[in-house]
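Residue numbers (the working numbering), protein chains in the order written: chain A, 93 to 487; chain B, 11 to 303.
These aren't lab readings, by the way, just hints derived from the structure by calculation. All values reported here derive from a predicted model rather than from experimental measurement. We put the beta carbon where it would ideally sit given N, CA and C, even for glycine. A hint or two may mislead.
Said to hold, decoys possible - Incomplete in silico selection of chain A near chain B, CB under 7 Å:
1) Val-214
2) Ala-322
3) His-326
4) Ser-351
Said to hold, decoys possible - What the simulated footprint calls covered on chain A by chain B, stretch by stretch (three residues with Cβ under 8 Å from a Cβ of chain B suffice, anywhere in the stretch; the number is not a length):
5) 134-142
6) 378-389
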Amino acid sequence: MKIHEYQAKELFRDAGVPTPRGIVCTSADEVAAAYGELGGPLAVVKSQIHAGGRGKGRFQEHPEQAGVVLVKSAEEAKENAARMLGSTLVTIQTGDEGKRVNTLLVEEGLDIATELYVAVTVDRDRRTPILIASSEGGMDIEHVAEHTPEKILKVAVDGGYGLHAFQATELAFQLGLEGKAVRAAAKFLPALVRFFLDSDCDMAEVNPLVVTGEGALVALDAKVSFDGNALYRHKNLDAYRDLTEEDDSEIRAGKAGLSYVKLDGNIGCLVNGAGLAMSTMDLIQLHGGEPANFLDVGGGASVEAITEAFEIILADPNVKAILVNIFGGIMRCDYVVEALLEAYDKVGITVPLVVRLEGTNVEQARTMLADSGKDIATAADLTDAAQKVVASLSA
Amino acid sequence: MSILVDSATKVLTQGITGSAGLFHSQQCREYGTPMVGGVTPGKGGTEVDGFPVWNTVEECVEETGANCSLVFVPPPFAADAIMESADAYESRGGGLIVAITEGIPVLDMVKAYDFVAKTKSRLIGPNCPGIITPGVAKIGIMPGYIHTPGRVGLISKSGTLTYEAVWQLSNVGLGQSTAVGIGGDPIIGTTFIDLLELFEDDPETDAILMIGEIGGDAEVQAAEYIKEHVTKPVAGFIAGRTAPPGKRMGHAGAIISGGSGTAEEKIAALKAAGVEVAESPADMGAAVQRAMA
Numbered sequence: 093m094k095i096h097e098y099q100a101k102e103l104f105r106d107a108g109v110p111t112p113r114g115i116v117c118t119s120a121d122e123v124a125a126a127y128g129e130l131g132g133p134l135a136v137v138k139s140q141i142h143a144g145g146r147g148k149g150r151f152q153e154h155p156e157q158a159g160v161v162l163v164k165s166a167e168e169a170k171e172n173a174a175r176m177l178g179s180t181l182v183t184i185q186t187g188d189e190g191k192r193v194n195t196l197l198v199e200e201g202l203d204i205a206t207e208l209y210v211a212v213t214v215d216r217d218r219r220t221p222i223l224i225a226s227s228e229g230g231m232d233i234e235h236v237a238e239h240t241p242e243k244i245l246k247v248a249v250d251g252g253y254g255l256h257a258f259q260a261t262e263l264a265f266q267l268g269l270e271g272k273a274v275r276a277a278a279k280f281l282p283a284l285v286r287f288f289l290d291s292d293c294d295m296a297e298v299n300p301l302v303v304t305g306e307g308a309l310v311a312l313d314a315k316v317s318f319d320g321n322a323l324y325r326h327k328n329l330d331a332y333r334d335l336t337e338e339d340d341s342e343i344r345a346g347k348a349g350l351s352y353v354k355l356d357g358n359i360g361c362l363v364n365g366a367g368l369a370m371s372t373m374d375l376i377q378l379h380g381g382e383p384a385n386f387l388d389v390g391g392g393a394s395v396e397a398i399t400e401a402f403e404i405i406l407a408d409p410n411v412k413a414i415l416v417n418i419f420g421g422i423m424r425c426d427y428v429v430e431a432l433l434e435a436y437d438k439v440g441i442t443v444p445l446v447v448r449l450e451g452t453n454v455e456q457a458r459t460m461l462a463d464s465g466k467d468i469a470t471a472a473d474l475t476d477a478a479q480k481v482v483a484s485l486s487a
Numbered sequence: 011m012s013i014l015v016d017s018a019t020k021v022l023t024q025g026i027t028g029s030a031g032l033f034h035s036q037q038c039r040e041y042g043t044p045m046v047g048g049v050t051p052g053k054g055g056t057e058v059d060g061f062p063v064w065n066t067v068e069e070c071v072e073e074t075g076a077n078c079s080l081v082f083v084p085p086p087f088a089a090d091a092i093m094e095s096a097d098a099y100e101s102r103g104g105g106l107i108v109a110i111t112e113g114i115p116v117l118d119m120v121k122a123y124d125f126v127a128k129t130k131s132r133l134i135g136p137n138c139p140g141i142i143t144p145g146v147a148k149i150g151i152m153p154g155y156i157h158t159p160g161r162v163g164l165i166s167k168s169g170t171l172t173y174e175a176v177w178q179l180s181n182v183g184l185g186q187s188t189a190v191g192i193g194g195d196p197i198i199g200t201t202f203i204d205l206l207e208l209f210e211d212d213p214e215t216d217a218i219l220m221i222g223e224i225g226g227d228a229e230v231q232a233a234e235y236i237k238e239h240v241t242k243p244v245a246g247f248i249a250g251r252t253a254p255p256g257k258r259m260g261h262a263g264a265i266i267s268g269g270s271g272t273a274e275e276k277i278a279a280l281k282a283a284g285v286e287v288a289e290s291p292a293d294m295g296a297a298v299q300r301a302m303a
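One chain only, chain A, in its complex shape (with noise of 0.2 Å):
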């Protein structure tokens, strides 16, 4: 689960890692209050939406406006928030529909002298926590990984006690830090660690780190987002989750245990196992054909789950076909298609269906198909069905 930034700080404050002063606003008027109680002369107004590249990202309702801009008076604040509230953001992970911003941060400007990168996250092949950190501020993190990799620093993290002093301050001194920055360092990287355990994040990332002239280090932006698994522990984050940041077919198929992605294609998917709902895919796009979705149906494919799925699917309006592929092992094929049919009829399908069967009473399963007097192809094995899905299409 991702959150916003100003979410992401006020956890961090709480935790002990240090962010500059801030406040949320949703209004022009509130923009301008903001900057006057921060008490200027230099103000950041940052856009809260769950996508990195704000700063460069523009609106589409005012093109030249930025999507995170530096404010030095009240009413220049407030102008620039008029523009900014309400209006679509498209920056370099929004993809060209952009995000609705609904939220600002006006937070104080800083005497900044150096511009970190730190982020922790979890190393599959280390299996441990993994504290990274760069001199190079500010730049995006792959660019860097990229082209410098020997400007990227990690330290692996013992999962049961945190980051050891001693871990940060030797990372300090690679990043080049003197004096009180190293002091501070030796707080903030323990800390930030210290919340990523707590929090069972999937990703705790501060870029940029800032140092400021006097030493003190202080978290300028906040990327954070939490293990789903791990939720059920943290009761108190259900209150930071934005649904009007997720899709809502998504958020639909969570609530039916299925596992759904929506994609940009026009054949509708459902599959048993997220392996061969991924393979699903991958099948119609080598026969030519666009996948409209990734979907799991998981191990039950009751009516309910099957009902469910297939109105997700047709609830996306670029679906002009859907192929059902089932792998039935102990979930016998007959019991599936018994499911199927009755869904089917429930849901009222009327673009072209390919159904794949195949595994224990396939037989017995195809008879029932072909009985049904549905308008229903069945295909006789994954090529088949990708072919006949596909050309269903042009029909």
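Following the hints, position chain B against chain A.
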């Protein structure tokens, strides 16, 4: 003699009184796997469909001599269950722990992996279908009857996609020595490389099929290992060519992040290592045939 499982394997189920735990324990027993019973804390001393139940793994192992755990414990408690098994097996030469549970918090697995790594036990999974040596033992949730005894070793991150591959192999007359689901989570116990090594050394295995997917770089590392150490023919398939970046595709580990972990880079690495890569999921069985030709 295939890998990991043999006639001396004795299996206990952790979470045997839950519906999935019981159902699959019954299925494994039907297949012929020596199932000794299981563990559910608080239900020790009872019996469920002929399976005796113990409160702790230690008690169960002490009385039955079990050396393999099949874990169906719900996600919040699964990592602890894995550690409990590793602990019980430690004074008895170590054991095999097969974790089926999907949805274990990643940081729980960091701890469980670290714990197991310091013992003599081996962890398979979590979030996997388990392991089967056709005709000998099935320790997992896969449909047993689709498998045929034979000489192809199979390693996969996925469930139904593995069944698909087994089906194709059986259809082209290629049986399996052992099929292992390693799991779709970011942190798993046994990797492609661990199993490539075991299959390479197994006199009963002639060829290997590995099935990967987007996310992480385990397949790229496996490709490097194959180039250096594997002399047997290897075929492969990678799922998720059409998956968009930054989106989790069902499995917790199946996500392209920061532009890495794509299907293309994995396929390229496997091809460079001489692996016969199936372009289509319909081609996995045939790819093994080509690799062996």
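**Prompt:** Which hints from the list above does the structure break, by number from lowest to highest?
**Reply:** 3 and 5
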